[in-house]
Amino acid sequence: MAPKLNNCREVGLRIQSYLDGELNSDQMAQISAHLDMCVDCGVEADVFRQIKADLASQAPATDDAALERLRQFSQNIANVTLDN
Amino acid sequence: MAPDASTNTAAQDALFQKYVIPELEVMYRVANSITRNPTDAEDLVQDTLLRAYRAIERFDGRYPRAWLLTIMRNAQVNRVRRKRPELMKDPDETMRRVADDSVEGAGAEEQVIDQEFSAPIAQALAALPEKFRSVVELVDLNELTYQEAADSLGIPVGTVMSRLHRARRNIRQHLEAFPAEEY
Ligand SMILES: [Zn+2]
Numbered sequence: 001m002a003p004k005l006n007n008c009r010e011v012g013l014r015i016q017s018y019l020d021g022e023l024n025s026d027q028m029a030q031i032s033a034h035l036d037m038c039v040d041c042g043v044e045a046d047v048f049r050q051i052k053a054d055l056a057s058q059a060p061a062t063d064d065a066a067l068e069r070l071r072q073f074s075q076n077i078a079n080v081t082l083d084n
Numbered sequence: 001m002a003p004d005a006s007t008n009t010a011a012q013d014a015l016f017q018k019y020v021i022p023e024l025e026v027m028y029r030v031a032n033s034i035t036r037n038p039t040d041a042e043d044l045v046q047d048t049l050l051r052a053y054r055a056i057e058r059f060d061g062r063y064p065r066a067w068l069l070t071i072m073r074n075a076q077v078n079r080v081r082r083k084r085p086e087l088m089k090d091p092d093e094t095m096r097r098v099a100d101d102s103v104e105g106a107g108a109e110e111q112v113i114d115q116e117f118s119a120p121i122a123q124a125l126a127a128l129p130e131k132f133r134s135v136v137e138l139v140d141l142n143e144l145t146y147q148e149a150a151d152s153l154g155i156p157v158g159t160v161m162s163r164l165h166r167a168r169r170n171i172r173q174h175l176e177a178f179p180a181e182e183y
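First to last, the sequence lines map onto chains H and L.
The opening position of the first sequence corresponds to residue 1 in our numbering, with each subsequent residue numbered one higher.
The opening position of the second sequence corresponds to residue 1 in our numbering, with each subsequent residue numbered one higher.
There could be a bad hint or two in this list.
Part of the chain H face toward chain L, derived, beta carbon under 8 Å [what the hints assert, rightly or not]:
id	residue
1	S17
2	E22
3	L23
4	Q58
5	R71
6	A78
Chain L is faced by these chain H residues, among others (derived, beta-carbon under 10 Å) [stated by the list, open to error]:
id	residue
7	Q16
8	Q27
9	F48
10	Q75
Rather than coming from a laboratory, the hints here were simulated on the basis of the structure.
Note that the structure is a prediction, hence the values are computed from the model and not measured.
Note that CB positions come from ideal geometry on N, CA and C, so glycine has one too.
Turn these sequences into a full structure, and let the hints guide you.
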């Protein structure tokens, strides 16, 4: 069995992967349990959670006109058989 | 523009509608992160769509996004290769490019000035070196998985992870050094 992730160092190394949902379910559960009982790691998680949220808010607005042109382009590729 | 009509089949069209069309927006967002230019991004997506259409019947139906991002990555590599030899062959073209670059340089300068009035998080993101910024853009702004970001950039997943984590620690330091001003 893999060693339990129950010390702050081990958790600290994986905290970003945890927040990204990029660990296996076992590790996700172990880190989640640690964060519930460890204030320091909980604060650390909050910092990166906030950074992720702030970054997500920086996503540029969708360029609807460009997307519409690409949708049209896609239809043109796929509909050649129907056109003749 | 369109592929040879005689090779079009209804099956091909159906697969294209099912797997490719739903990913159009993600493809365009990723293309913008990769090319840093809306016109090039649109071009790159068109190129990717044509390649995907031709290859769709060989696609096994698993992870369409990863499949498309890999195609896009290959298309981008070819585009960059196609551009470079021109630089060597045609001195006039080289001069035009230098001129273009200096125009772009001015744009970058304006962006930096803009940054002074924007949120600390935007400044922190803009301050990252390119290879770190593109990973952050793909994962945190465009919500790709590590694997999808790796496919888009043609780098190993472990490299995505280490660049991303380092970039966020860097952003954290930046935010701690330059916190939002309170009024
Ligand atoms: Zn802890």
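| Among the hints numbered above, which are violated by the structure, and what are their numbers in rising order? | 3, 8
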